[in-house]
Amino acid sequence: MKREKRFYFDVKWFLILAVAAFLLIFQVFPLVFLVIRTFFREGSFTLEGMRRIYTYSLNWTCLKNTLITASLSMVFGILIAFPLAFLVGRTNLYGKRIFRSMFVMTYMVPPYVGAIAWLRLLNPKVGVLNVFLKNLFGLSGMPFNIYSIPGLVWVLTTFYYPYAFITISRAMEKMDPSLEEASRISGASPLKTLFKVTIPLMLPSVVAAGLLVFVAAASCYGIPSIIGAPAKIYTVTTRIFDYVSVGSAEGLTDASALAVFLMVTALLALYAADFVTGKKDYITVSGKSVQPSTVDLGKWRVPLTILVILFTVIVIVIPFATILATSFTVNMGKSVFTPGNLTLKYWNTIFSRKSILKSTGNSLTYAVSSATLGMIVCVVMAYLLKRTNVKGRKIPDFLITLGSGTPSVVIALALIMTMSGRFGINIYNTAAIMIIAYMIKYMMMGMRTVTASLSQVSPSLEEAARVSGAGWLRGMKDVVLPLILPSVVAGWFLIFMPCFYELTMSILLYSDKTETLGVELYLYQTYHSQQTAAALAGGILIMVTLVNVLLSKLTKGKFSI
Amino acid sequence: MKRKTFLTAALAVGMVLEGICCTAVMADNSDVSGKVVIYTSMYEDVIDEMQETLEDVFPNVEIEFFQGGSGTIQSKIAAEMESGKLGCDLLMVAEPSYSLELKEKGILYPHEFADKDKLVFDYDEDGYWYPVRVCNMVLAYNPDMYEESEVPASMKDFAENPDMKGELSMSNPLTSGTAYSSVVGLLDKYGEDYFKALGKQDVAIESGSVALTKLETGECREIMVLEESVLMKRETEGSDLTVIYPEDGCIPVPSPVMIVDDKYSANANAETAAAVEEYFLSPEGQKQIVKGWMYAVRNDIEEYPYDAVPLDKLLENTIPVDWEKCYRQREEIRTMFQEYVTVPQE
Amino acid sequence: MSVITIDHVTKRFDDVVVIKDFTAEFLDGEFVTLLGPSGCGKTTMLRMIAGFEKPSEGTISIDGKTVSSKDVFTPPEDREIGMVFQSYAVWPHMNVFNNIAYPLKIRKIPKQEISERVSRILETVHLSQYEKRMPSELSGGQQQRVALGRALVAEPKVLLLDEPLSNLDAKLREQLRFDIKEIQERLKISIVYVTHDQSEAMTMSDRVFVINSGVIQQVGSPVEIYRNPVNPFVADFVGKINFLKGTSSNGRIVLDGMDDTLDYGGPLTGRVEVGIRPENIHIVRDGAHLSGRFVTEYYMGEENDCRIRAGSAVLRVTADAETFRSFGAEEQVGLRISDFLVFPEGSEDGRGNE
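Chains as they are written, first to last, in my numbering: chain B, 7 to 567; chain F, 31 to 376; chain A, 871 to 1224.
Simulated from the structure, these hints should not be mistaken for lab results.
Yeah, the Cβ is synthetic: ideal placement off N, Cα and C, and Gly gets one too.
It is possible that some hints are incorrect.
Incomplete in silico selection of chain B near chain A, CB under 10 angstroms [stated by the list, open to error]:
(1) D302
(2) K305
(3) A327
(4) N395
(5) P465
(6) V473
(7) G475
(8) A476
(9) G481
(10) P488
(11) L491
Straight-line Cα separation of at most 27 angstroms, BS3-like style, residue types lysine-lysine; simulated pairs [claimed, not checked]:
(12) K230(F) <-> K70(B)
(13) K186(F) <-> K131(B)
(14) K975(A) <-> K18(B)
Using the sequences and the hints given, assemble the complete structure.
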């Protein structure tokens, strides 16, 4: 029975338009309002605000620092993540599954808490690791000084490389091995194959990963505020905080004028990424099905495993042990094992606070909502970008990147200004404003993973579903989504995690009913003690890890990070 | 929409409760009703305790706290002002220079406080703001690591003792109102040279809690910090960190309480807010403040914060702060601090 | 009765015209091939029939219902067609059974019936023992059989095939070619087949549409277009051919750079282009139309491929096994032309694109 429809209602376009409208109202409008605001004073157009900010030499130093640290973090993040993703995804390295879970753990800890751990380990005066190394090798001075550009880059890199790792390893596992085999048969050595075939084929994912690390590092506040300040290294984000804290309308103007720099930087980075990738969207998951192959490491298997263990110990185990030790220590000046110095009271504090249950519930709800809604937006917009040739299909991608490039504090303030009734929408002091803030800030993480993954799936797979009689929605559900599912799950987690402990925006937007874990964390670290903050961060880490393990067990490894 | 329903529900419940428990203890306050939202930078522990007391004192008032650092709250308010309405009715935040700014902008609602002659700190003659608690800027060190004789005993020495270079930390005047007021006081007392000296010392400019951590681990030898944060650590954690009352004077920074005018407030409930303000200024309210490791503002309160010095003793040696100057010259002073202290010295 | 009607369809991507004023009728049970070089627009035409592209102008009807016109558009899923893609498009996350059963599941066919129909199709495409396998465990040929099965299972009236054999090796290609033809004859469905391979077109089709640069060059049975191509492009594309230039007058054609002439009874006069297929050139001792010198030869079994220089041109000549190796290099030979085609000079018809 054939239907002849004169007015064909297309679900696909309806969804695309709905998502685009959502972005327009809740993301574009607040940010654009903020930017336009910097050009007006008392109702008339002026470049005075911009001039004041961009002619001040300290601000230029900050811009320079931001670009340097973000670029270096991106480079090192990729240099770390690519080999790890390859080893874990494509070789017979020992303990691959455990390493895979370990590598993303730095992402499960709020940057602020991680930075405090590194500060304790590597400060040039009494840094625990510094002292240990000094005694071990009989050095005359401390080997490391965390209060430096390299120190800042180190902490940023260790914190943000999981973005790159997750993005690249997803793509790596799905690559058609015949492409590599073809290279070997053509006479290329395994190493040459890696450089001539594997890496170029992975380019879209590598670029996506680099972009994520760059934007995240550039718009991060927690780490530079702790590691940078003692060395007088200021970044755009710490500078923005200075301006915001003035607490006046001019302060907001100055802050947003400076934020424009980060927005533009993020857009330029996206543009550069697009340019580098160019037409190199290789379809590595074609309609032809192949078995992924595993590279035999041979005699390198043991040494490489040891190397990876070493990396894990340095980047993950040591700082995490420090955080946990902190949470059990009464006096941080003494070892946790000094008699009377070991305590459970900080853990007791977080579990006995009556608001903790409510905050955890709120955070969970908001983070799950943001991640889920965010991924819907991402999948739909990635589809628009990769599967249609509408004019302006690239715009949503730019908008989503713009949001992530904007510092959290600026997003929160823009939302307060525009979403509290002045323009007919009032969601201030509700859960909605929190969820929207989180989405604006973190959606890019999902967008990049999904885009990279979707561009690897041959359109004919979806078309085959359509001619089989499946509508667009059904085809998405049965064919496209299952094929990009690993990336969707990864993207979901990449959004979920930072929302779960989000701090900067939450503290500005929460109300009596919408208090979150991030707010608790903020209060602990500001008013109470690092120990309680460490205990809370430890609790979050344990909880997320448990959920991850449980999910992995229940779905037989299908859904885990 | 949801929120509206909720509010209606809350109101309905409130009315029912009113009907049932109108014979509650504090009969004199039962005629005060409605909702009051308070923005404050006070400690959470203090607020938790206050909230319980307030429920007894104002059985018919729904009191909600929003809590954050002064900088956070001030920026939130600035953004709210853009939309024409604040999210609160009462403010207990920042320092008097901020009150001057809000008063000038016409945001505040005047209220005559009968006992204002008992206040030992500056207040607004027209009743737009009163001090409600005192945050005290002092020095602190860690006796587990250093002798008292090894660390500077005055604000001046803190900035000038060359042995201390690279081992000091202080709160950031660019993000904290109390820290800002303190450096204005120091600027008045010692002139620009004080800032220059701080710059030469390579003082780390960071948040108080990070500074305390560094003091505890021995990374810093001495820090300039709010007394309350040290006292809290001493009382709740049994910490040995010790306050030094600088020889050249500590810097008590009174924090104001202000009522938001009905035109701008969340619940247009200025009279109820005034009643709550009265409570905070009353001896009962002040005693609660003291429990939160801050000093009271009245001369008739004998209590003082945990193992600190009594208020009258404290006031014997202080560095005064010119609030007008804090407000009027904010831009210049901030910039000066940045250039001398925060920017890397060539 | 026509199962697909394409009426004045034009397709533009931005300003580039990909299909220009295409009009055709495909009949019920007919095997139609769209043949042309890559980039000629044949795949775009197929995708417009499937509903993946909208025509810029014109209408398309399937089974009497308009599916694409100025104000009607039926999406692919409602067109009830089957399609096989060049890259198989077998879903890697479903096993063979589920791949093939998918169109039936979409149509909410009862479970029992699905399983029966899938079994039947599996037999048809010779995959009966593979139903539990995942696609990655199958060879390319087997995967393409899965795709074929999936396209056939819902018993569509029309099956669209987009270069389905081009990813397979020669032996499999031949095998699958006959399988497809056999299935089509047994199920009596209409097939629209897109390829650039003339031998596929020739062996399978009832009718061939030769397309170049978005324009239909010629429509006809394989024999017609081989024997009577309308222009040098078609002549060249559907088989091997030698082109020589010459002048026609008074029933004779004088070939450029040669002393020899050909008798010609056709209507064309003046400058012409003469096309001679290799099998129509015979090496003879007597009665030659042309003379040439032997250059080289390639052994291919039954028939062999020789190169003979005549004047300034080098001609491809098909020689039988006997003739093979009977000549030495530069030896003088006589050539008899048994049949040839004549086109007016300059009637290139898009051959320049090649």
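Consistency of the hints with the structure:
Contact between D302(B) and chain A, as hinted, is not supported at the beta carbon level, the nearest pair being about 20 angstroms apart and thus beyond 10 angstroms. Residue-level restraint check for K305(B) is violated (minimum Cβ-Cβ distance to chain A is 30 angstroms; threshold 10 angstroms). Interface hint status for A327(B): violated, as the beta-carbon distance to the closest one in chain A is roughly 40 angstroms, over 10 angstroms. Against a cut-off of 10 angstroms between C-beta atoms, the interface hint on N395(B) holds, since the closest Cβ of chain A lies about 8 angstroms away.
Interface hint status for P465(B): upheld, as the beta-carbon distance to the closest one in chain A is roughly 9 angstroms, under 10 angstroms. Interface restraint check for V473(B): the shortest CB-CB distance to chain A comes to about 4 angstroms, inside 10 angstroms, so the restraint holds. Interface restraint check: G475(B) against chain A, minimum CB-CB distance 4 angstroms, threshold 10 angstroms, status holds. The restraint placing A476(B) at the interface with chain A holds, with a minimum CB-CB distance near 5 angstroms, inside the 10 angstroms limit.
Annotation: G481(B) was flagged as interfacial toward chain A, and the flag holds, the nearest CB pair being 8 angstroms apart, inside 10 angstroms. With its C-beta approaching chain A no nearer than about 5 angstroms, P488(B) sits inside the 10 angstroms limit, and its interface hint holds. Proximity of L491(B) to chain A holds as hinted, the smallest CB-CB distance being about 9 angstroms (cut-off 10 angstroms). Restraint check for K230(F) and K70(B): the C-alpha separation of about 23 angstroms stays at or below 27 angstroms, so the hint holds.
Taken as a hint, the K186(F) and K131(B) pair is honoured in the structure, with Cα atoms around 24 angstroms apart against an allowance of 27 angstroms. Under the criterion of a C-alpha separation no larger than 27 angstroms, the hint pairing K975(A) with K18(B) is consistent with the structure, at around 21 angstroms.
Hint compliance for this structure: hints 1, 2 and 3 are broken, all remaining hints hold.
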